[in-house]
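Protein chains: 6
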Amino acid sequence: MHPEGSVLVEFGATRVLCTASVTEGVPRWRKGTGLGWVTSEYAMLPRATTTRSDRESVKGRVGGRTHEISRLIGRSLRASIDLKALGENSIVIDCDVLQADGGTRTASITGAYVALYDAVTWLAGRKKLAGTVESALPRSVAAVSVGIIDGEPRLDLCYEEDVRAEVDMNIVCTGTGDFVEVQGTGEDGVFNRDQFNQLLDLGVAGCLSLAAAQREALGL
Amino acid sequence: MHPEGSVLVEFGATRVLCTASVTEGVPRWRKGTGLGWVTSEYAMLPRATTTRSDRESVKGRVGGRTHEISRLIGRSLRASIDLKALGENSIVIDCDVLQADGGTRTASITGAYVALYDAVTWLAGRKKLAGTVESALPRSVAAVSVGIIDGEPRLDLCYEEDVRAEVDMNIVCTGTGDFVEVQGTGEDGVFNRDQFNQLLDLGVAGCLSLAAAQREALGL
Amino acid sequence: MHPEGSVLVEFGATRVLCTASVTEGVPRWRKGTGLGWVTSEYAMLPRATTTRSDRESVKGRVGGRTHEISRLIGRSLRASIDLKALGENSIVIDCDVLQADGGTRTASITGAYVALYDAVTWLAGRKKLAGTVESALPRSVAAVSVGIIDGEPRLDLCYEEDVRAEVDMNIVCTGTGDFVEVQGTGEDGVFNRDQFNQLLDLGVAGCLSLAAAQREALGL
Amino acid sequence: MHPEGSVLVEFGATRVLCTASVTEGVPRWRKGTGLGWVTSEYAMLPRATTTRSDRESVKGRVGGRTHEISRLIGRSLRASIDLKALGENSIVIDCDVLQADGGTRTASITGAYVALYDAVTWLAGRKKLAGTVESALPRSVAAVSVGIIDGEPRLDLCYEEDVRAEVDMNIVCTGTGDFVEVQGTGEDGVFNRDQFNQLLDLGVAGCLSLAAAQREALGL
Amino acid sequence: MHPEGSVLVEFGATRVLCTASVTEGVPRWRKGTGLGWVTSEYAMLPRATTTRSDRESVKGRVGGRTHEISRLIGRSLRASIDLKALGENSIVIDCDVLQADGGTRTASITGAYVALYDAVTWLAGRKKLAGTVESALPRSVAAVSVGIIDGEPRLDLCYEEDVRAEVDMNIVCTGTGDFVEVQGTGEDGVFNRDQFNQLLDLGVAGCLSLAAAQREALGL
Amino acid sequence: MHPEGSVLVEFGATRVLCTASVTEGVPRWRKGTGLGWVTSEYAMLPRATTTRSDRESVKGRVGGRTHEISRLIGRSLRASIDLKALGENSIVIDCDVLQADGGTRTASITGAYVALYDAVTWLAGRKKLAGTVESALPRSVAAVSVGIIDGEPRLDLCYEEDVRAEVDMNIVCTGTGDFVEVQGTGEDGVFNRDQFNQLLDLGVAGCLSLAAAQREALGL
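Residue numbers (full-length UniProt numbering), protein chains in the order written: chain A, 1 to 220; chain B, 1 to 220; chain C, 1 to 220; chain D, 1 to 220; chain E, 1 to 220; chain F, 1 to 220.
Looking at chain A on its own, in the form it has when it is part of the complex:
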């Protein structure tokens, strides 16, 4: 009801509520540059997971994993937006995981882009955008997780698969299949160039079909 953009994204059993909050103006260090600002914050509800986690607010500090994912979402969104065309407006995208079953960071990025698009459209409708919606969002972003399980490359791992994966990779692509960010980790050992290439192929294909789903959700 309240946010300028909001999406409930579902990837398998994973559910993430992505909301976009627009503020006119930018942080002080950016004033007068003509550029806007986009950031993101990610968090999990305490019982989004199989066992309950303590709230970070109660612990009094944001954990390393939360920080890392928030930063990844923010960087990915900034790859999709032209901050000059946005003008001196700030958009915060909150990604709150209601239910987790693997792939929460990639679901967050994919949903966050849609919320961001809505927010930019909202700004355009109020004549507060420096450019057009198209110039402000020249490319879409979407993300998938891929991994190798029992020697087999797999797309979009659920939690149980994620735990078993020998290699785990998060791929963020534009709607035309260019890379925005690639993070690959040999969770249990290492991986070679061939495996890397297979995972990239799988990931790019996954991102392209998500881009189609985003366009459909946005009625484009």
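If you're looking for bench data, these hints aren't it; they were derived computationally from the structure.
Since the model is a prediction, treat every value here as computed from it, not as a measurement.
A portion of the hints provided could be inaccurate.
One copy or any two copies: either way a pair holds, since identical chains are not told apart in the list.
Unchecked claim - Derived lysine-lysine pairs resembling DSS-like cross-links, with alpha carbons at most 30 Å apart: (1) K127 with K59; (2) K84 with K128; (3) K84 with K31; (4) K84 with K127.
Assemble chains B, C, D, E and F onto chain A, guided by the hints.
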């Protein structure tokens, strides 16, 4: 999918996700007493409200309002449960407000009771309850907000009404209309005994109809 | 010696030092409104109680109970003051419990009002008040705790009684017996309308005699 | 009423409430050594000073000055006690400044010793002391501030003098005039050996008369 | 002088002090598994950079970037070690940047491996290792940063280049050129598969020559 | 490479990196006074000591010892500088202990003065100093630790001696042997006037030879 009890409660445009998390055993200071333990934590998503609030995890501290409401929900739930019949089990009820439009604390209590009932039933199904479900939950609890607006007593205020209310009262009752907790505040000035009595009448009636809705939701 | 108003209030064995600190000007968000601001902070010395509690400064966070009481005192004082007549001045009332034996929050409110009166008089003496002392403080506030012990309503519980009380209620009234805030809790179970009414009668009478004591202390 | 030892010490207009809290047993790292443990915590009420300071609990951290003084008081008290004769008991001395007018740390040490003596006597009365009171406290400690103002050595500076002092020194002595701790600071520039010697003479004499006052307060 | 392993690694003008601290035993949740534990903490001295940054200890919280890098170093080291052959010992690798000029995280990983090797050798010399040094460290790890500047792939960017890079990639490889972790980010826009492949070629070659330098430093 | 002044000071096996960071302008409360500002922050790397200490950034709070030493270094440096001749510039001196073997605070002060001298010279070279280098730094400061071990006065204690010392004293002097700060503690019991005088003699002589070393390092 994950919690032992979970409810999405809707009061007008207010939406609160209440989940119950069961742990066998109790905190150290309670071990060996034969008594269980029930607590609650309340929080709001940053954009549940008309303008975005900073996350308490990012600020590094839980605010006074959050503390106060978490404590109120916990006390209310402990009024409904027999901790001896619960046995040495712990239940945490998380109430996360997804969308706020007034009455989030009373909606939380009303939903939390249903999630608690589910969790107690779950324990009974696993033969981990010291008593029966009926002995563990001898009375239900539900809550409403009432207030005086332009001199008129009103039930279940939305945000806009809440801001304008001269008197604001939260009433927590059992399913038979006894009081568990009453908190009345003269937001703008003071109130007299007559007004107090009118608000109590209205509040008790509201709680009784919520108790009926709870029974229906639980199939009782 | 230093504060603009200060009172050492004694309720039974409970001792609370209430000081009022005046600052010209108001917080930034209130500037230019012509309205003043009154807040309160409550705390306990570590050995005010039967066993020593850790300092909240050392724990690095203010606890839920402290927050809740600070907010209650602040709301109660703001019910007594006309912020317009106060003008753009800020008053902080600190209530520090030197020795606790039940009823520390109600003793704090009762003492805090006297310290507030002194501070407002101090401002008037320096011609810094927008209105007169009478217009700035149109009504006094005082508070008592009441409870039901062994089925009997009782006024002003000491710690030992407070622990045994079946129902525990804090009542804040003006000098003419109107309600500012009522907080009733069924510590051990629930309470009915009759018990509620008896406690209100007792509480209002208690507040009225405290109001007389306040007038005497202030030489009014 | 509650503490095992408590003293309200007055030095000029300075008022410090010193309480001693006894716990049987010692921190884990000290268990089984046969040695006791004595620590101290110092704090100021927010309006003990001419202008109000923010509470350290609200700021979420203990300041450097508070830490420094707490550590000084603890070291001074441990110089007076035989931890072996104390046995495996812990004593925390809280020094809370109710009103400050210079010399709060030296007043705290002087009062803390008396509270400590009471606590040790309390332990002896309950047969919980490994040795006698005399063997547990073989020497008393007291402290004074001295300084040079307008070239003149002065004893026991009030706040206004303290601010003007060119040299500021805190001297902690035993009842026989031996040094426990000496901290001298050239607040405004430096000091030479002659000035140092004059301040030491003055400080030792001051500590000796405080030791007599302590004996009188304790009825020794 | 003190650590069980220590290295001062220099990459261009970047200087990182890597120390390895060994503790017998493992955290509680790992006890009895026969497995060891390796973690890492990364930090920068306040003036390691061109302008001074506030200390994270003074700010009271560890920043997102610090968390992210500490986690990356830890994962990379755990890819090199066989925790079973390590036995129930814990090793913490501290990487403190004394002077920064780009590539501090990759320099840290490369130096940290050498400090880890020293610590494992130290354990072997004391017969505290479950296996041999070779079985405990079956593969080495080293890391480089690569990037595209003005359309040209470049190895080991200094700070000024890093800021200008269109694509920035950190590559962690074993001594035989397998991948441990790859993190590629399109800082300014996006990158395609060809650019990706060029950067991987360059990065693997860089890691292999660092592996040779590590062997030389360790006298292998 | 980056700081306006930097020194790696060695006292025995103790190594402290002292850097000076200059900022034009002063904190807000000092603006317009024509006076500059000098502060210092002290910290230890986690494995500077024989066993690893947890990082204060990870613990989320700066410890009492760290605070105390930072304040001591800051006071000592402010005794050497004329803040009027410095003009409205701020200098922060960071003292980070890379390796500790006793006397880290006195080594820090001695090195910090040299870094401060470099920073003041740097300001003079850019014509940003209100006065000359000589007028801005009218006196040098240096510090030593002295103590009594087995009844013998000793200069510059290493860690092992420091632990065994009966009396421990830190002496900060100017280049002409005047006192800036003296802190003497009877670690194990007390000390008399004779012992005090012997330690002062030894300390002043130590400071004078350090002052000569500082002049040499600065080429004066």
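Hints and how they fare:
In this homomeric assembly, K127 and K59 never come within 30 Å of each other (Cα to Cα): the closest approach is 42 Å inside a single copy and 33 Å across copies. Proximity of K84 to K128 under the C-alpha cut-off of 30 Å is restricted to the intra-copy arrangement: shortest distance 13 Å within a copy versus 37 Å between copies. Taking the closest pair of Cα atoms, K84 and K31 come within 30 Å of each other only inside a single copy of the chain (13 Å); across copies the shortest separation is 34 Å, beyond that limit. Taking the shortest alpha-carbon separations for K84 and K127, only the intra-copy value of 15 Å comes in at or below 30 Å, while the best inter-copy value is 39 Å.
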